[in-house]
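Participant: So you can see what is in the structure, the chains are spelled out below.
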Amino acid sequence: MSKKDFEQRLIKIFEDFFSIKIKDTKKVNMKDLEVWDSISQLNLILEIESEFDIMFPSDEILKLETFETLLDKIVELKS
Amino acid sequence: MPRIIENSFAEIRKNLKRNYSKFDQVKISLLSDFSARFLEDILKGLSYDFKLNMSVFTTEVNSVSAEVINKNSNFRKFDAEYIFLSFSTLEFERGFYKNKGTKKFVKDYKENIFSLLNTQKKESNKKIFLTNLIESVNRIDSSLTNNDYNLKTALKDINFEIEKFISNNSGVFLIDINNLALDMGLKNAIDFRSYYLTQNPYSNDFLIELSKNILNLIDILRGNAIKLIVLDLDNTLYGGIVGDVGSLNIEVGSLGIGKAFTDFQMYLKQLKNTGIALCVVSKNDLKTAEDAFKNNPEMVLSLDDFVVFKANWKPKSENIKEIKEMLNIGYSSILFIDDNPFERNEIKETLKDVNVLNLPIEKTNYLSYLKSQNIFLIAENTPENKLRLKQYKNEEKRNDIKNKSSSFTEYLKKLNMVGNINLLDKKTIPRVSQLSLRSNQFNLRTVRYLVEDLNKIFNNKNYIVFSVSLKDKFDDLGIIAFATLKVKKGSLFIENFVLSCRAAKRGVEEFIVNEILRLAKKKKIEKIEAEYIASPKNSPSKELYENLGFKIISSTKTKKCYELNIKGNKNNILNTYIKESSYE
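The listed protein sequences correspond, in order, to chains S and B. In the numbering used here, each residue's number is its place in the first sequence (first place is 1) plus 1. In the numbering used here, each residue's number is its place in the second sequence (first place is 1) plus 16.
Rather than coming from a laboratory, the hints here were simulated on the basis of the structure. Keep in mind it's a predicted model, so treat the numbers as computed, not measured. Accuracy of the hints is not assured; some may be wrong.
Unchecked claim - Quick list of in silico lysine-lysine cross-link-like pairs, DSSO-like style, CA-CA up to 27 Å:
#, chain 1, residue 1, chain 2, residue 2
1, S, 13, B, 379
2, S, 79, B, 43
3, B, 540, B, 595
4, B, 67, B, 43
5, S, 13, B, 30
6, B, 575, B, 30
7, B, 477, B, 521
8, B, 203, B, 303
9, B, 443, B, 539
10, B, 30, S, 27
11, S, 32, B, 502
12, S, 24, B, 33
13, B, 30, S, 24
14, B, 539, B, 573
15, B, 243, B, 67
16, B, 553, B, 521
17, B, 303, B, 442
18, S, 22, B, 583
19, S, 32, B, 33
20, B, 595, B, 429
21, B, 364, S, 22
22, B, 33, S, 28
23, B, 553, B, 575
24, B, 368, B, 558
25, B, 368, S, 27
26, B, 120, B, 93
27, B, 30, S, 28
28, B, 288, B, 553
29, B, 504, B, 429
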C-alpha cells in the first residue's frame, strides 16, 4: 500500500472522528484544529490503531501533533 | 427509559453533538484522584440515551479535598445534586508502598475518604455515588511483602470499610467497580498506556460500563426502577419447546444444558424475593404452558411466583398492554425477556418505553448477560416489596369482581377496605422514602425524600407526616400512601401527597384528606393549602385536588395552587368506602 492510500484512509478517520471536512492536510494539527486537544488525542490514536492494526509507542504519542507526523509514523510502522 | 444500551464508543461520541435541550437537566460532579475527563465525555454521550441533559463538573487531579473543603470552590459553586467520588487502586498502591505498607497508612486513607463524605453530607442533601477499589490491578507478588499485611489485605480492608459506611449512611450509594473490573477482566478494564499518558487508568469499554452504572442509579433515584419482568417460556425459562417435547423433556435441571436454565430461574426467583414482580407471556396453549410448571419437578419457579400468567396466541404487545393496565404501572418499569428476536422487535416497535433485553443466542450466557446489565439496584428492601407481589396477584381477582359488580361503588363496597393511619416513625421511614422515590403518577409535587431527609423531618416540629396502610378482603397492601404537612401560620401546607398507583381511585384520596382535616381541626387551623406541580409523569393526578373539593387559587401550565377553607364548615368530610381502624 502506498503513502497516498494511507493518507486517504487517515483523512477519512479524521473527518469521521471530528466531524469535519479536510481540504488541506497541512492545516490539520493540534494548534489549528481546535477540537483536537489532549483529551481527544488518545481516543483518536485508539481509532487509528484499530484501523491500521498498529500500536504507537507511548513515548511517541505526545509528539504526534500534526497530520503529517501521524502519517509518517503510520507509514513507518506499516513498513 | 431505555436502560438496555449497547452503544459503541463511536456512537457515544456522536451523541455529544446532538441536541439535549429537550431533556431534564441533571448535574453531576466527578471527584476523583484520576483524570475524569474521559469519563465525562462518555457519561455525557450516554446520558442522551437515558433522555437526560447532563452537565458534568470534573476536578483537577489531586484537588478533591480542596474542592470539597473550600466553601468557595468551583465544585461548591457548581452545586450538583449527584456527586461521584472515586479513588483508584493505582494511586492507593503507590501510597501504600511509599508508606512502607503500614496499617496506619490504610487507616489514614480511609479516614480521609470518610471525612470528605461527612463534610459533604453534613451540608447538603446530595446523593453521593462512592466507588470501591479494584482489589488488584497488578498481579500482587507475595514475595514483595514479608509481613501478613500486604496490598491485597489492605485493599480488602478498605472495601469492607467502604461498604460498611454505605450501609450505615443513606444518601450514599455504592458503585461496585471492583465487580465491574472482575466481570470485564483486568486486561480489558485497565489501560496502562492511557494511565501514564493522561492519568486516566480505565479503558473506554470500562468507562462505558461505569457510566451505565451511574446513569442507571440516577434513573432509579428519579423514580424509574424496574418493577416487573415479563418472561417468555420456550427456550427462555427452559430449553426446548414444551408443546413439542412435553413437560418432562424440557431442558431444566439435569437434562442437557438444563442447569443453565435452573440457575437463570433461581436468579429470577431471587429478584422476585427482593420485590420485582414476574409474569409470563407465552405463545402457547394455557394448559400446555401450565403443565410445564405443574409436572416438571426440576422447575425452580412455580406458578405461584408469577403475578400474571398469560399463555395465548395474541400479539405479545397486547398481552403486555393488558398487564400494564391491570397492575397500574408504567411501561418504562417493565423489562421484557424473550429469546425470539421477532417478539422482541414487536415490543420495541409497538411499546417503545418497555425495556427489551437482547438475550444472547448462546443460551448458557443468558444469566451472565442479564446480570451484566446492572439494572436492578434496590436502595432499600422493605416488607412492602413482598406484599406488593401478593397484591399484584390478587389484582386479577379484584378485576374479576370489578367486572361482575354492577357499579364501581358497589365494587368498592365489596372490597371491605380498612385503612390505617400512622404518624411517621422509625419503622415506617424506609417504606415512605421508597414510596416517594418510586411513585410518579400520584406524586403531587414530586418532592422525593431519602431516608435521611425523613429523619430530619421526623425531628422537625413544624412537620406532620402520616402514612396510610390499606387492607381489603384479598390482602394487606401495606403502606400505600403518605402526606407531608408543613404547619404554617394559620394554615397547613401539603408539601407532598403521594399515593401508590396500585391503590389509586379507591377512596384513599378522600381518606387522606379527611385525616388532614381532622389534624387541622385538632390544631385549630382553618385553612389548608396545596399545590400540584406538573412532572413528565404525574398527569393522572392533575385534577386530584379539585375533585377533592379544593379551590384553585392560581393556575399556570406547570403549577396549580389550591386552598381549602374549613372554617365553620362541619360537613366537609368526604365520602369513602375505607373504614378507619382506630389509632392513637
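Participant: Now, for every hint given, state plainly whether the structure supports it.
Facilitator: Each hint, compared with the structure:
Of the supplied pair hints, the one linking residue 13(S) and residue 379(B) is violated, its CA atoms being roughly 39 Å apart against a limit of 27 Å. Between residue 79(S) and residue 43(B) the alpha-carbon distance is near 45 Å, which puts this suggested pair outside the 27 Å criterion. The suggested pairing of residue 540(B) with residue 595(B) holds, with an alpha-carbon distance near 25 Å, which does not exceed 27 Å. Straight-line distance between C-alpha atoms of residue 67(B) and residue 43(B) comes to about 14 Å, which keeps the hinted pair within the 27 Å bound.
Of the pairs offered as hints, the one joining residue 13(S) and residue 30(B) holds, with about 16 Å between alpha carbons and a cut-off of 27 Å not exceeded. In summary, the hint linking residue 575(B) to residue 30(B) is not supported, as the alpha carbons are separated by about 36 Å, beyond the 27 Å threshold. Of the supplied pair hints, the one linking residue 477(B) and residue 521(B) is violated, its CA atoms being roughly 32 Å apart against a limit of 27 Å. For the suggested pair residue 203(B) and residue 303(B), the alpha carbons sit about 50 Å apart, so the restraint of at most 27 Å is broken.
About 25 Å separates the Cα atoms of residue 443(B) and residue 539(B), which keeps this hinted pair within 27 Å; it holds. With a CA separation close to 26 Å, the supplied pair residue 30(B) and residue 27(S) stays within the 27 Å bound. With a C-alpha separation of about 59 Å, the suggested pairing of residue 32(S) with residue 502(B) is violated against the 27 Å cut-off. As the CA atoms of residue 24(S) and residue 33(B) are separated by approximately 22 Å, the hinted pair is consistent with the 27 Å bound.
Restraint check for residue 30(B) and residue 24(S): satisfied, since their Cα atoms lie roughly 22 Å apart, inside the 27 Å limit. Of the pairs offered as hints, the one joining residue 539(B) and residue 573(B) is violated, with about 33 Å between alpha carbons and a cut-off of 27 Å exceeded. At roughly 20 Å between alpha-carbon atoms, residue 243(B) and residue 67(B) fall within 27 Å of each other, so this suggested pair holds. Taken as a hint, the residue 553(B) and residue 521(B) pair is honoured in the structure, with Cα atoms around 17 Å apart against an allowance of 27 Å.
A hinted pair counts as satisfied when its Cα atoms are at most 27 Å apart, and residue 303(B) with residue 442(B) does not qualify at roughly 47 Å. With a C-alpha separation of about 73 Å, the suggested pair residue 22(S) and residue 583(B) falls outside the 27 Å cut-off, and the hint is violated. For the suggested pair residue 32(S) and residue 33(B), the alpha carbons sit about 22 Å apart, so the restraint of at most 27 Å is met. Pair hint residue 595(B) plus residue 429(B) holds up; C-alpha atoms about 10 Å apart against a cutoff of 27 Å.
A hinted pair counts as satisfied when its Cα atoms are at most 27 Å apart, and residue 364(B) with residue 22(S) does not qualify at roughly 36 Å. For a cut-off of 27 Å, the pair hint linking residue 33(B) to residue 28(S) stands: about 23 Å separates their Cα positions. With a C-alpha separation of about 14 Å, the suggested pair residue 553(B) and residue 575(B) falls inside the 27 Å cut-off, and the hint holds. With a C-alpha separation of about 24 Å, the suggested pairing of residue 368(B) with residue 558(B) holds against the 27 Å cut-off.
Annotation: proposed proximity of residue 368(B) to residue 27(S) is violated, straight-line Cα distance about 47 Å (limit 27 Å). Simply put, residue 120(B) and residue 93(B) have alpha-carbon atoms about 34 Å apart, too far for the 27 Å limit, and the pair is violated. For the given pair, residue 30(B) sits about 23 Å from residue 28(S) by alpha-carbon distance, which is consistent with the 27 Å threshold. Between residue 288(B) and residue 553(B) the alpha-carbon distance is near 26 Å, which keeps this suggested pair within the 27 Å criterion.
Among the hinted pairs, residue 504(B) with residue 429(B) is inconsistent with the structure: their alpha-carbon atoms are about 37 Å apart, more than 27 Å.
Of the numbered hints stated above, those contradicted by the structure are hints 1, 2, 6, 7, 8, 11, 14, 17, 18, 21, 25, 26, 29, listed in ascending order.
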